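Participant: One letter stands for each residue in the lines below.
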Amino acid sequence: MKTLQVILAATLLLAAAPSAAQDLLIRNANVHTVSDMAIIGGDVLIRDGMIATVGKVSSAEAAKFSDDQIIDAKGKTVLPGFFAAYSQLGLVEVDMVASTNDTHESSGWNTAQVRAMDGYNALSELIPVARLNGITQALVAPATGNIFNGQSAVVSLSGNSMERALHTSPAALHITLGEGPKESWDAPGDGPKTRMGTASSLRSEFQKALEYKESWTRYREKYAKFQKDRAEFPDKLRRWNEDTSPDKSKDEPEPPEAPDAPDTNLQLEAIAPAIGGELRTAFHAQRLDDIETMLRISEEFKLSPVLIGGGDAWKIASLLAEKNVPVVMQPSLQPATMETSGAIYESARILNAAGVKIAFMTGDTAHGVRNLPYEAGLAVAYGLPMDVAIRAITLSPAEIWGVSEFLGAIKSGYRANLIIVDGDPLQPTTQVTHVIVGGEQMELRSRQTDLAEKYGARYLAPRANP
Amino acid sequence: MMKTGIPCRALVLAALALILPMIALSAPPYDGSGATPLALRGGKIYRISAAPIDSGTVIIRNGLIEEVGGVNQVTIPSDAVVVDVSGKSIMPGIIDAHSHMGVYSWPGVDAHSDGNEATSPVTAQVRAEDGINLEDPAFARARAGGVTTVLVLPGSANIIGGEGVVLKLKPNALLSVMKMAEAPRQIKMAMGENPKRVYGGRDQLPSTRMGTMAKLREVFTKAIEQKVKLEKYETDTARYEDKKLRWEAKRDEAAKAGKPFDDDAPEPPTPPAKDALSNVLIDVMSGDVLVHVHCYRKDDIQDIIRISDEFNFKIVAIHHALEAYKLAEELAQRNIAVATWPDWWGFKMEAYDATPLAPTILVRANVLTIFKSDSADIVQRMYTEAAKGVKYGLTEEEALATITLNPAKILGIDKWVGTIEKGKQADIAVFSKSPLDIYTRAEMTFIEGRQVYDRATEEATMTHKEFAR
Numbered sequence: 001m002k003t004l005q006v007i008l009a010a011t012l013l014l015a016a017a018p019s020a021a022q023d024l025l026i027r028n029a030n031v032h033t034v035s036d037m038a039i040i041g042g043d044v045l046i047r048d049g050m051i052a053t054v055g056k057v058s059s060a061e062a063a064k065f066s067d068d069q070i071i072d073a074k075g076k077t078v079l080p081g082f083f084a085a086y087s088q089l090g091l092v093e094v095d096m097v098a099s100t101n102d103t104h105e106s107s108g109w110n111t112a113q114v115r116a117m118d119g120y121n122a123l124s125e126l127i128p129v130a131r132l133n134g135i136t137q138a139l140v141a142p143a144t145g146n147i148f149n150g151q152s153a154v155v156s157l158s159g160n161s162m163e164r165a166l167h168t169s170p171a172a173l174h175i176t177l178g179e180g181p182k183e184s185w186d187a188p189g190d191g192p193k194t195r196m197g198t199a200s201s202l203r204s205e206f207q208k209a210l211e212y213k214e215s216w217t218r219y220r221e222k223y224a225k226f227q228k229d230r231a232e233f234p235d236k237l238r239r240w241n242e243d244t245s246p247d248k249s250k251d252e253p254e255p256p257e258a259p260d261a262p263d264t265n266l267q268l269e270a271i272a273p274a275i276g277g278e279l280r281t282a283f284h285a286q287r288l289d290d291i292e293t294m295l296r297i298s299e300e301f302k303l304s305p306v307l308i309g310g311g312d313a314w315k316i317a318s319l320l321a322e323k324n325v326p327v328v329m330q331p332s333l334q335p336a337t338m339e340t341s342g343a344i345y346e347s348a349r350i351l352n353a354a355g356v357k358i359a360f361m362t363g364d365t366a367h368g369v370r371n372l373p374y375e376a377g378l379a380v381a382y383g384l385p386m387d388v389a390i391r392a393i394t395l396s397p398a399e400i401w402g403v404s405e406f407l408g409a410i411k412s413g414y415r416a417n418l419i420i421v422d423g424d425p426l427q428p429t430t431q432v433t434h435v436i437v438g439g440e441q442m443e444l445r446s447r448q449t450d451l452a453e454k455y456g457a458r459y460l461a462p463r464a465n466p
Numbered sequence: 001m002m003k004t005g006i007p008c009r010a011l012v013l014a015a016l017a018l019i020l021p022m023i024a025l026s027a028p029p030y031d032g033s034g035a036t037p038l039a040l041r042g043g044k045i046y047r048i049s050a051a052p053i054d055s056g057t058v059i060i061r062n063g064l065i066e067e068v069g070g071v072n073q074v075t076i077p078s079d080a081v082v083v084d085v086s087g088k089s090i091m092p093g094i095i096d097a098h099s100h101m102g103v104y105s106w107p108g109v110d111a112h113s114d115g116n117e118a119t120s121p122v123t124a125q126v127r128a129e130d131g132i133n134l135e136d137p138a139f140a141r142a143r144a145g146g147v148t149t150v151l152v153l154p155g156s157a158n159i160i161g162g163e164g165v166v167l168k169l170k171p172n173a174l175l176s177v178m179k180m181a182e183a184p185r186q187i188k189m190a191m192g193e194n195p196k197r198v199y200g201g202r203d204q205l206p207s208t209r210m211g212t213m214a215k216l217r218e219v220f221t222k223a224i225e226q227k228v229k230l231e232k233y234e235t236d237t238a239r240y241e242d243k244k245l246r247w248e249a250k251r252d253e254a255a256k257a258g259k260p261f262d263d264d265a266p267e268p269p270t271p272p273a274k275d276a277l278s279n280v281l282i283d284v285m286s287g288d289v290l291v292h293v294h295c296y297r298k299d300d301i302q303d304i305i306r307i308s309d310e311f312n313f314k315i316v317a318i319h320h321a322l323e324a325y326k327l328a329e330e331l332a333q334r335n336i337a338v339a340t341w342p343d344w345w346g347f348k349m350e351a352y353d354a355t356p357l358a359p360t361i362l363v364r365a366n367v368l369t370i371f372k373s374d375s376a377d378i379v380q381r382m383y384t385e386a387a388k389g390v391k392y393g394l395t396e397e398e399a400l401a402t403i404t405l406n407p408a409k410i411l412g413i414d415k416w417v418g419t420i421e422k423g424k425q426a427d428i429a430v431f432s433k434s435p436l437d438i439y440t441r442a443e444m445t446f447i448e449g450r451q452v453y454d455r456a457t458e459e460a461t462m463t464h465k466e467f468a469r
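For the record, the sequence lines run as chains A and B.
Residue numbering for the first sequence follows our numbering, beginning at 1 and increasing consecutively.
Residue numbering for the second sequence follows our numbering, beginning at 1 and increasing consecutively.
Check before you lean on any hint, since a few could be wrong.
[Claimed, not checked] Selected chain A positions facing chain B (in silico; Cβ < 7 Å): (1) 57; (2) 94; (3) 97; (4) 240; (5) 257; (6) 259; (7) 260; (8) 316; (9) 337; (10) 338; (11) 380; (12) 381; (13) 429; (14) 433; (15) 452; (16) 456.
Please keep in mind that the hints were generated in silico from the structure rather than gathered at the bench.
These figures come from a predicted structure and were not determined experimentally.
Note that CB positions come from ideal geometry on N, CA and C, so glycine has one too.
The whole structure should be built from the sequences, with the hints applied where relevant.
Facilitator: Written as structure tokens, this is what we have:
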């Protein structure tokens with residue numbers, strides 16, 4: 001009994017211990033920086049979880065590193081860890097087991113106030129599974145289905161807690177147009193039943209949020225004036241008291257009265273920053289008319305839209321480019337539903353050629369996130385330049401979600417989220433040999449590799465020690 | 001000008017008249033289904049039955065593979081239409097042993113839902129072939145992924161969902177033309193969560209795995225009873241025929257002798273009540289129908305094996321089978337195949353213990369292993385599924401067999417398709433690169449010698465134009 005307690009205590013300690021990210025030196029690698037030119041036979045020095053040097057590290061500097069801090073990546077490629085531009089990682093363990101599924105806050109059509117970070121389970125078994133294929137960061141968002149789904153977050157796929165994983169929250173406010181809300185809210189009285197209803201609900205909520213925002217602006221102005229008046233009041237009173245002139249006012253000055261604050265509304269509070277574009281608005285839309293609705297509403301409320309899905313986006317590629325609307329898309333999207341009937345494999349190529357910034361997501365946005373590099377590979381098979389495809393799973397999503405100052409590239413000063421691969425990074429037959437998140441070398445292990453070893457070790461070649 | 005112009009034009013026309021038939025002969029769609037041979041020359045041939053040939057030729061005639069070998073070994077008949085496929089890959093047409101195309105036609109709206117006759121947990125008497133929408137756009141997209149043959153199965157809401165049908169993906173064809181004549185009958189069963197969720201949700205049996213097993217025993221027992229009744233009816237009928245002959249002889253004898261005859265005519269036996277469902281299960285037990293069982297969890301696999309022992313039928317393949325790696329030896333020993341995915345998992349509880357290393361474990365333990373799609377999306381890129389198999393430890397040959405020869409075996413059609421071998425049906429896919437390369441594209445697909453997909457033609461007619469604004 002005592003032994004068990006000791007073991008348990010030790011385990012808990014381990015879990016809570018800060019990640020001891022030691023400094024690392026990757027040598028002789030082909031460095032695909034994404035942000036700049038690729039370097040053949042370069043070094044990457046990682047210090048305090050950050051990328052310190054990219055290029056050549058002097059032998060004097062290299063001599064300071066012990067053998068277990070040096071990774072010889074000769075013949076291999078180093079590139080930024082992949083960025084899942086849209087996912088539900090950490091929000092679900094088993095889709096059909098409700099107790100483990102926190103993806104969809106299905107209590108109403110407007111749940112703008114809910115935050116993905118509050119449902120994020122950093123210990124989810126899905127995270128190491130995705131990481132083994134080189135995914136090191138992701139946008140985690142509430143699933144679609146409501147008109148306002150809630151707020152997303154950008155996380156790194158490491159750490160034992162949400163706090164350690166989190167980079168930004170909210171990253172965006174998520175809205176669904178088209179079939180989703182109609183299907184989710186088709187019970188009588190529950191919510192809008194048509195695309196017309198969806199659009200009018202959006203307008204009315206944005207209008208309320210605008211008024212809410214303005215009422216707080218007015219209140220803040222009044223409050224600022226009140227503070228000023230209050231600060232000046234003692235002086236004012238003193239001057240009155242000291243005033244001996246014959247035309248002195250008979251009334252003693254009253255202390256200033258604080259203005260009444262508007263009622264707090266957390267739902268409108270969540271929507272308000274989207275107005276004016278301070279916070280990104282992510283619109284999930286597929287059909288052409290839904291995409292147009294996104295453009296109209298974005299114009300009306302000066303939103304900063306990102307299109308997610310975009311089955312028909314290629315049909316108005318140059319308009320999206322002109323309006324500077326990026327598209328988060330799944331290259332393998334199928335004409336499997338009514339609203340995705342326009343889906344074609346050439347979407348990514350067409351959008352990119354028109355000048356639209358694209359980032360990629362997988363079809364299964366939780367258990368299937370590990371297929372992200374193959375989605376990029378598929379886009380290349382259908383005409384997208386390879387460097388754009390790699391950018392669409394590294395730096396482009398970082399730019400779209402506002403974290404490109406420190407994520408998505410191999411660059412001095414960037415967070416050390418990077419991977420080493422033994423071949424073309426988009427080929428399924430390529431092995432990811434090292435995954436480094438926040439400067440920490442991650443163990444290439446998951447519940448799935450553990451199960452395979454438990455039941456089939458004798459059939460499997462011993463795994464290469466990274 | 002006129003003087004020289006006319007003969008010139010005549011010359012051009014004459015030349016065109018000479019060239020035109022040749023162009024017509026050598027332009028897609030190519031056709032090796034008739035007497036004129038078709039030669040695919042210069043590609044890397046993944047035969048599957050044997051090692052790949054780096055640069056080889058396949059001769060197709062009358063819809064069959066007439067010859068296959070290295071470019072220097074194979075003599076191309078002088079009347080052959082020759083297609084240069086140098087630098088490309090040639091492989092057997094891909095076979096998907098688990099599809100719902102047609103019974104869950106695109107786009108996926110309720111009106112297209114014809115895959116689950118979910119009105120009773122056992123519907124052995126229904127057939128997928130009776131619910132197929134021939135206009136499902138997914139068929140064409142599968143052809144564009146090098147797929148030539150699929151097993152369309154009913155869904156898994158029912159414990160016994162009904163009979164599946166093996167289709168050749170011939171375009172613009174009636175079901176009777178698509179249906180592979182040589183293929184044996186196939187039936188779909190389902191264990192685990194799906195039946196108990198569907199019927200338990202209505203407070204009907206089965207709401208538990210126990211209920212599923214009880215139901216299986218009930219219907220198979222009933223089928224045995226029906227079989228006994230049918231057999232008895234057969235012997236009773238024989239007895240009756242015999243009695244009747246004797247009675248007629250007696251009657252005729254009496255008539256001849258002018259004697260009175262008032263013996264009662266023998267009563268024919270009453271046939272047992274018709275039972276279409278039991279009839280199918282009787283055929284299952286006699287081995288006329290190949291049994292495919294949807295199972296995820298290890299105990300579900302063991303459960304259906306127990307039933308098959310009790311009622312003496314053979315399971316051909318466990319489908320999905322995400323925990324099959326936990327009993328690889330037993331499956332190998334019983335010669336039960338596994339039709340699975342390389343990496344789909346976690347969508348329900350029984351799919352939580354999956355591992356992408358499972359196919360490698362199964363293959364190494366000598367279990368016949370198949371990658372199947374169960375999806376009108378994945379079917380288009382089965383070669384990428386095979387590539388994932390290589391990532392986790394299969395050899396290229398093993399991986400390609402999981403989508404060609406191995407599915408042909410479990411469908412009982414490997415005598416005709418699944419490899420590139422002399423005498424087999426010319427179901428062939430030509431890829432731009434190695435099929436295991438993520439950047440590969442199917443360029444041509446042939447079914448029984450006839451070209452059913454041509455990438456160049458499709459791209460030439462593509463109209464991906466922006467909308468006016």
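Participant: Compare the structure with each hint and give your call.
Facilitator: Cross-check of the supplied hints:
1. With its C-beta approaching chain B no nearer than about 32 Å, residue 57 of chain A sits outside the 7 Å limit, and its interface hint is violated.
2. Look at residue 94 of chain A: its Cβ gets to within about 5 Å of chain B, closer than 7 Å, so that hint holds up.
3. With a cut of 7 Å, the hint placing residue 97 of chain A at the interface with chain B holds, because the nearest CB-to-CB distance is about 5 Å.
4. With its C-beta approaching chain B no nearer than about 68 Å, residue 240 of chain A sits outside the 7 Å limit, and its interface hint is violated.
5. Against a cut-off of 7 Å between C-beta atoms, the interface hint on residue 257 of chain A is violated, since the closest Cβ of chain B lies about 55 Å away.
6. For residue 259 of chain A, the suggested interface contact is broken, since its CB lies about 48 Å from the closest CB of chain B, more than 7 Å.
7. For residue 260 of chain A, the interface hint is violated, since its Cβ never comes within 7 Å of a Cβ in chain B; the closest pair sits about 48 Å apart.
8. Interface restraint check: residue 316 of chain A against chain B, minimum CB-CB distance 6 Å, threshold 7 Å, status holds.
9. Hint status for residue 337 of chain A relative to chain B: holds, with the closest Cβ pair at about 5 Å, below 7 Å.
10. About 5 Å separates the beta-carbon of residue 338 of chain A from the nearest beta-carbon of chain B, less than 7 Å, and the hint is met.
11. The criterion of a C-beta within 7 Å of any C-beta in chain B is met by residue 380 of chain A, whose closest approach is roughly 6 Å, and the hint holds.
12. At its closest, the beta carbon of residue 381 of chain A sits 5 Å from a beta carbon of chain B; the interface hint therefore holds under the 7 Å criterion.
13. For the restraint placing residue 429 of chain A at the interface with chain B, the shortest Cβ-Cβ distance is roughly 5 Å, inside the 7 Å limit, so the hint holds.
14. Given the 7 Å rule on beta carbons, the hint for residue 433 of chain A is violated: about 13 Å separates it from the nearest Cβ of chain B.
15. A distance limit of 7 Å between C-beta atoms decides the matter here; for residue 452 of chain A the minimum to chain B is near 4 Å, and the interface restraint holds.
16. For residue 456 of chain A, the interface hint holds, the least distance from its beta-carbon to any beta-carbon of chain B being 3 Å, beneath 7 Å.
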